[in-house]
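With chain A's structure known, arrange chains B and C on it following the hints.
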Amino acid sequence: MALTGLFTIMGTIVAGALLLQWVAARARRDRVVESQKIPFLGGSAPQTHAWQRFHVRYYSMTLLFIAFEMEMMFMYPWAVVYVAEGVKALAEMGMFLAILTVGILYGWREGIFRWQ
Amino acid sequence: MLERLAARAPVPLFVAMGRDRAPAVERLLQSADIDVTATPRHASILLVAGRVRDSDQAYLDRIHDQLPHPRATFWWGDEQGDDVDEAQRAASFDDPVISLRALYRNLISGAHASETHRLPDEPPAPWRGKGDHGQGGEGMMGGVPYGRMMPMPPTPDIRDGLALDVYTTQIGPFMPYWPAGLVLEVTFQGDVIQSAEVVQPPYPPRDVDRVPFDRLLHETTALAQIERARAAHHLVCIARLLSLVGLPTLSRRAQILAARVRANETIAIAPLRKAAARSGLTAALAPGLGRIDDRLARELGGPAQRAAGHAIDDRSDNPMYKRLDFTPVTQTQSDCRARLAQWFDEAEQALALVSAAPDAMIGQGALVEAPWALRAPPVDYRLTELLPGLEWSEALLVLNSFDSAALCRMAPLEAP
Amino acid sequence: MTPIVLTVAWVAFLLGMAWYIAVLDGLWSAAREGRPPRAPLANPLYRCATMLRQQSNLTEAPDLLNWRLAPALYAGLAGTGVALVPFSGASVLADLEVGIVWWGAVEALTVVVVFLHGWSANSQLGLIGAYRYVAIGLPVMLISMFVLIAAALPAESLAVPKIIESQRELWNVIRQPLGLPLFLLLGLSLSFRGPFNYADSADIAGGTAAEVSGAPRLVWEFARLAMLTAVATVAASVFLGGYLGPWLPGPVWLVLKTAAVLLALVGLSHQLARISPSRMMTLIWTVLLPLSFVHLVWAGVLAL
Chain A
1 MALTGLFTIM
11 GTIVAGALLL
21 QWVAARARRD
31 RVVESQKIPF
41 LGGSAPQTHA
51 WQRFHVRYYS
61 MTLLFIAFEM
71 EMMFMYPWAV
81 VYVAEGVKAL
91 AEMGMFLAIL
101 TVGILYGWRE
111 GIFRWQ
Chain B
1001 MLERLAARAP
1011 VPLFVAMGRD
1021 RAPAVERLLQ
1031 SADIDVTATP
1041 RHASILLVAG
1051 RVRDSDQAYL
1061 DRIHDQLPHP
1071 RATFWWGDEQ
1081 GDDVDEAQRA
1091 ASFDDPVISL
1101 RALYRNLISG
1111 AHASETHRLP
1121 DEPPAPWRGK
1131 GDHGQGGEGM
1141 MGGVPYGRMM
1151 PMPPTPDIRD
1161 GLALDVYTTQ
1171 IGPFMPYWPA
1181 GLVLEVTFQG
1191 DVIQSAEVVQ
1201 PPYPPRDVDR
1211 VPFDRLLHET
1221 TALAQIERAR
1231 AAHHLVCIAR
1241 LLSLVGLPTL
1251 SRRAQILAAR
1261 VRANETIAIA
1271 PLRKAAARSG
1281 LTAALAPGLG
1291 RIDDRLAREL
1301 GGPAQRAAGH
1311 AIDDRSDNPM
1321 YKRLDFTPVT
1331 QTQSDCRARL
1341 AQWFDEAEQA
1351 LALVSAAPDA
1361 MIGQGALVEA
1371 PWALRAPPVD
1381 YRLTELLPGL
1391 EWSEALLVLN
1401 SFDSAALCRM
1411 APLEAP
Chain C
2001 MTPIVLTVAW
2011 VAFLLGMAWY
2021 IAVLDGLWSA
2031 AREGRPPRAP
2041 LANPLYRCAT
2051 MLRQQSNLTE
2061 APDLLNWRLA
2071 PALYAGLAGT
2081 GVALVPFSGA
2091 SVLADLEVGI
2101 VWWGAVEALT
2111 VVVVFLHGWS
2121 ANSQLGLIGA
2131 YRYVAIGLPV
2141 MLISMFVLIA
2151 AALPAESLAV
2161 PKIIESQREL
2171 WNVIRQPLGL
2181 PLFLLLGLSL
2191 SFRGPFNYAD
2201 SADIAGGTAA
2211 EVSGAPRLVW
2221 EFARLAMLTA
2231 VATVAASVFL
2241 GGYLGPWLPG
2251 PVWLVLKTAA
2261 VLLALVGLSH
2271 QLARISPSRM
2281 MTLIWTVLLP
2291 LSFVHLVWAG
2301 VLAL
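Chains as they are written, first to last, in our numbering: chain A, 1 to 116; chain B, 1001 to 1416; chain C, 2001 to 2304.
No lab work stands behind these hints, which were simulated from the structure alone. In this text the structure is predicted, and so the values were computed from the model without any measurement. Where hints are given, some of them may not hold.
Some chain A residues flagged as far from chain B (calculated, every beta-carbon gap over 12 Å) [said to hold, decoys possible]: (1) Gly5; (2) Thr8; (3) Thr12; (4) Ala50; (5) Val56; (6) Phe65; (7) Val81; (8) Ile99.
Now the stretches of chain B that chain A is said to cover, found in silico as 3 or more residues with beta-carbon under 8 Å [claimed, not checked]: (9) 1111–1120; (10) 1155–1164; (11) 1190–1197; (12) 1341–1349.
For each residue, glycine too, the CB sits at the ideal point set by N, CA and C.
For reference, chain A alone in the conformation it holds in the complex (with noise of 0.2 Å):
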């Protein structure tokens, strides 16, 4: 019930600005000329598309925030049971942060929150 509620108003939102920009664009009827297509680099013009083999520089931090992410799905039902499962549940949880904080530890010995 929630959900459909959710998901309606996610729906409704998107389709209602959606509109806005389509009527908005109907108002004014001036074309877009090649000109004013040029993407803004202070007055220049650029010479290649701007879509590339983006160097993301961070990429090695993704690799353990996703190690986090999946922590987080632990955490969910764990929050839940928490309180039921007492001191158990706050030593697993402790020893399972604590290989990851040594994970971040590792990965700032490596470097990897830099912009390599």
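Chains B and C only, in chain A's frame:
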């Protein structure tokens, strides 16, 4: 209804900074009725402030065409430029804010027709791909799918040696927070600059900043005037760095202070400096960012030299300054932080000198240090060596940590 | 409240808060610059009208579908975030048992949407903004999820209403003091403001929005404000007890608390300088994220 509301908005304005723009331009940009945008796409009026070179005209036309309709051009802040078609030119005695508002209102209501494009309506190159989306063709990328080519073949990266696409483009001369007039051909990998070539040098320092120093050549000039010009120049430099680290409000405060110094008002810089420090301005400039070696610092002279720890200042030998116990302030680190601190220190020192000797006069022809190095020899070092290896936001900070005179001398047109 | 009243309230809340942020922005900058504000209440509306009257721009061979969808999706995500929060004990638009999980999805998809917005224009400045935003947006998301999980521990539930009810005796902001400040960083990051504006900053000429004009830009700017509202609403509920409070009716409390959180967010975005993306990434991973671990352990021990 919509028009009436839109007409009351602050005028969205993109500024093409030209040569020798009057200080009135900075006053105009501080008006609450003006909304200076970072890109022409957000603007309705293109303000051409000061003069532009003939070679800048094509760049200017491109910016003009990038503005969305309705759009107009406004030439201002220069008293000697030529007449330009389609352009609104306000006489120097007009209040530009009023003229701009009127132009904007007419633009919104349709009374002033939106300007048509200046460059030809042609794609940059003929369509050479095959199929609806250019998906056919030869090679991995399917030939040349639209007008422009795909990015250049890979070369090893300057930081980690990874070979990915390089993206080469010219940038400037009307980029925000970019040395006015400078056009560089920059090669990127991702957001890190691999190499940079000077296509057009930046504009030299503005006339307005040199007025008292030029006057000193012919006549006796008030020390207060000289030192006020110095403080104003440095405050404008500081304002640019403040904007770049995401403190636009403090940047405007610095600009307002500069304007007030020029108008002979008494101001204090300490509150601005304190507010900037509390906002983490120093932390925003990484230690060691933009450090230059001793040789370059000496060649550049001026504040950059003193930021490297050399207490060299023409004022030290001047009898009037000697009587005021003048000693040059210096920093040690010679990086962006040091140059920023140097500007703050020198501006504060300049105002202290003004209040210590409000009526002192400097004799005609005396040697007095300008806000930048006025009489330095050519520099054997180029921006082309300074920028490679820097991430884009760092590169802009480094560029803006030099005054325009230093940049001019590091970016001559001829190839090194 | 009936669903219809609730929907109207939700729309009014979203629009009203967006307007409120825009007004605050104007007032705060004017105060900091030491000048009187210019028509502070009406200025946001004037700007909206300007953007609506402008031509929508195109670039050479953009990914038009994604370019127009990105602002719409961004606004949609913000809207669902606000819908998770109850205005009072019985009136919540989306009473989801796993509200926190949905909010986590909103955070993750926001990073995707902002990236798409910068990517689809086929322009170098937009690309720089898009890519470097991801480097900051991802780790900040981890911080916020840790503090939200910490808030879920005493409630034994992932539903926002239950988390609010768990604060009847003591608000989480006192019980888990690190939570709110860390969560505010998420607000700055999700709407890329001030020290976290790596996507649309002036050094890249507006970044992901550098090529956008007209109505698409209006939707984008509104979505940024709506997302900030969503963060503030969630923060007010999870850390400040949401609709709980004496004397006044619940919805009033929620509005007051959200407004207060927004004031703090606007203040932070104007008062702090931005450091380079690589240093921010290091700061998040080596200082802020470990802080959120400490926070989680603290909350865990307290909840037992």
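Quiz item: Among the hints numbered above, which are violated by the structure, and what are their numbers in rising order?
Solution: Of the numbered hints given earlier, those the structure breaks are 4, 5 and 12, listed in rising order.
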